[in-house]
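Engineer: Note that the protein sequences, when read in sequence, are chains A and B.
First residue of the first sequence: 0, per numbering that gives the first Met the number 0; consecutive thereafter.
First residue of the second sequence: 0, per numbering that gives the first Met the number 0; consecutive thereafter.
In case anyone wonders, no lab produced these hints; they're calculated from the structure.
All clues stand as given, with none of them false.
Okay, derived cross-link-like pairs now, DSSO-like style, lysine-lysine, Cα gap no bigger than 27 Å in a straight line:
| no. | chain 1 | residue 1 | chain 2 | residue 2 |
| --- | --- | --- | --- | --- |
| 1 | B | K153 | B | K396 |
| 2 | B | K196 | B | K146 |
| 3 | B | K153 | A | K56 |
| 4 | B | K192 | B | K146 |
| 5 | A | K52 | B | K128 |
| 6 | B | K396 | B | K146 |
| 7 | B | K196 | B | K134 |
| 8 | B | K192 | B | K134 |
| 9 | B | K153 | B | K134 |
| 10 | B | K146 | A | K56 |
| 11 | A | K52 | B | K134 |
| 12 | A | K201 | A | K52 |
| 13 | B | K128 | B | K153 |
| 14 | B | K192 | B | K153 |
| 15 | B | K192 | B | K128 |
| 16 | B | K294 | B | K266 |
| 17 | B | K146 | B | K134 |
| 18 | A | K52 | B | K153 |
| 19 | B | K196 | B | K128 |
| 20 | A | K52 | B | K146 |
| 21 | A | K56 | B | K128 |
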Amino acid sequence: MASLTESSVALPLHSGASATIRIEPPSGLFELRLREVWAYRELLYFFVWRDVKIRYKQTAIGVLWVVLQPVLNMLVFTLFFGRLAKLPSDGLPYPVFYFAALVPWTYFSYALQMTTNVVVDNQRLITKVYFPRLILPISAALSGLVDFSIGFVVLAIFTVAYGIRPTLAALWLPALLLLAVFTALGVGLWLSALNALYRDVKYVIPFLIQFWMFASPVAYPSSLVPPRWRWLYGLNPMAGVIDGFRWAITGRGHSPGLLLLASSAVVALIVLGGLFFFNRMESSVADRV
Amino acid sequence: MNNTVIQAEGLSKLYRRGLQVDDGLRHSLEAFLRSPVASLRRKKEETFWALKDVSLEVREGEVLGLIGRNGAGKTTLLKILSRITRPTTGWAEIHGRVGSLLEVGTGFHPELTGHENTFLSGAILGMGKREIERKFDEIVAFAELEKFIETPVKYYSSGMYVRLAFAVAAHLEPEILLVDEVLAVGDINFQKKCLGKMGDVARAGRTVVLVSHQLNQIRSLSHRGIWVDAGQIRMDGNTHEVVSAYESAMARGDTNGHSQDRGTATKARFLSWEIAEPRPEPPHTLATVGPIELKFVVQVTSAVHMGHHGVTLYNHDRQLIWGWAVDNVELEPGVHELRYSFPMLPVRPGPYSWAVSLYEEGQLLDAWECLPEMIVATENFQHRYDHWSGVLNIPSKFSIT
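Using the sequences and the hints, build the whole thing.
Structural biologist: Encoded structure:
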């Protein structure tokens, strides 16, 4: 591993201290410059702010879409998977059952899409100005959180309206959300780097997201999965997140405990691998995009 | 005082030609299916050194101008120093906070207002939120956009867009400023204002590295010049000496250190060129799309019969923009002006080069790549984004009937 010294960290102009920057060929080693990412946190904020601003600038009903998207999905799911296909819902009312899964899932699918495209979408910027490239996927994964927060408030109102009182299990929500953010970021790091090399990735994303949704307990409860396949199921971190969300919101059913532990381990691996891969791509990205 | 702020040793950059994304995955898959073994071996790619073993030192407060032909490696050097791309070999150390300006309007988004873009672009260029807040009024005043600052920039004219973009950039306060050719946009008056602001920066004792095709700009701004040629430093020294050496080398048709063949005959020699009408100041900057008149001055020592004269215009990317030739040219000994008038020359703003030639009975008398380059600094009549504006800069009228 390359040693990280104070002097190898470039700072944005406003950060008072004038450090020495050393410019060298890419070493082929892992150069994780998290300190630099921290120094550029204001730019990270501006990227998130830009994404959020732009998204609803041209829409007629603006932020209402944030609420409508999961609500409409929930209605469709309730009608087809619930009323028609009569899938079990672990004893929860269908609307709550689906909505509790759709709020984190909508965030995840959106964040994954944004993260995948973030390097390609910002290619002009990448070839014209320096900043730690890592803040692009991070900002993409974070910008979906604004939508998530709004969706979450609706979900909370909804749940209470169905007479379900919050329990101590709700304290798990931040950890579950964090897991969702890191899943999107980790996979997004891989995909955004791949996307910079092969634009085909963009076309794979809708299929990947659809497939992933059916591989996660969004439309059905995870209790439907035969116990001997549970371990495999747990390798999908979103399975833990969504199961956990339902449990944390309603306080009913089983805590996803072990499933979540497996998920966290998988996510840690994906994020580390993603950082490494992104880092490899980063040193040459301005020459390629 | 005068510490070294930039030190570079043996910087080289190898580029792979044709490393395109578009033929990405399909290309890789096809190659793999055709011959699985060969495609896994390292491919022989066409490579070239954009920069080869460049070492330099820049001292605090120095204003350094980088000159050289297109593709000589100036921009690559600047991109390495501003950390946009990494060198293939060699290293550099920069002591101080670096601001780089390789494009006007970096990070601008059409849907956002001028106000919002000022903050976004400022942050991308390295300013902090508080710093932008403090300078905001000054930036808006510099851009002369007080009335339109809450309007989305997609409704801006190209002039307004460039003014705001440059105003943001001009208020950067780095210790070291790296600038690439960004001043070749906008109308001539705003260019002057920007030059004034740049001059302030230089006088304020900050270190500036500037790439420009406008040699007069380099002359007036920088103390020191470096002539980059074929990826290497060809000459380093006092601005006036370096610029003059460059100019005279170009006048000799010099490419890559070897004198280009301007014909063995001494019968005729092109001496100079300029824009004759309308008389612009400086004389090689075009501030109007037309009508214009150009003159190429040629000295003839003994009469030329049945001559053939050609003229071509190239853009920044060495794309042929216009070419023309005339036969049966008769020239008596003496100095002649070959004049061309154009009802309009609607090319997009930027640096251009003329080339003129004279033959007699198939024998080259002189071929000259005219210097200095012609700088087109007309108002932009096209889409305000580079990637949506083409080679022609034609004023248009839009109506719905």
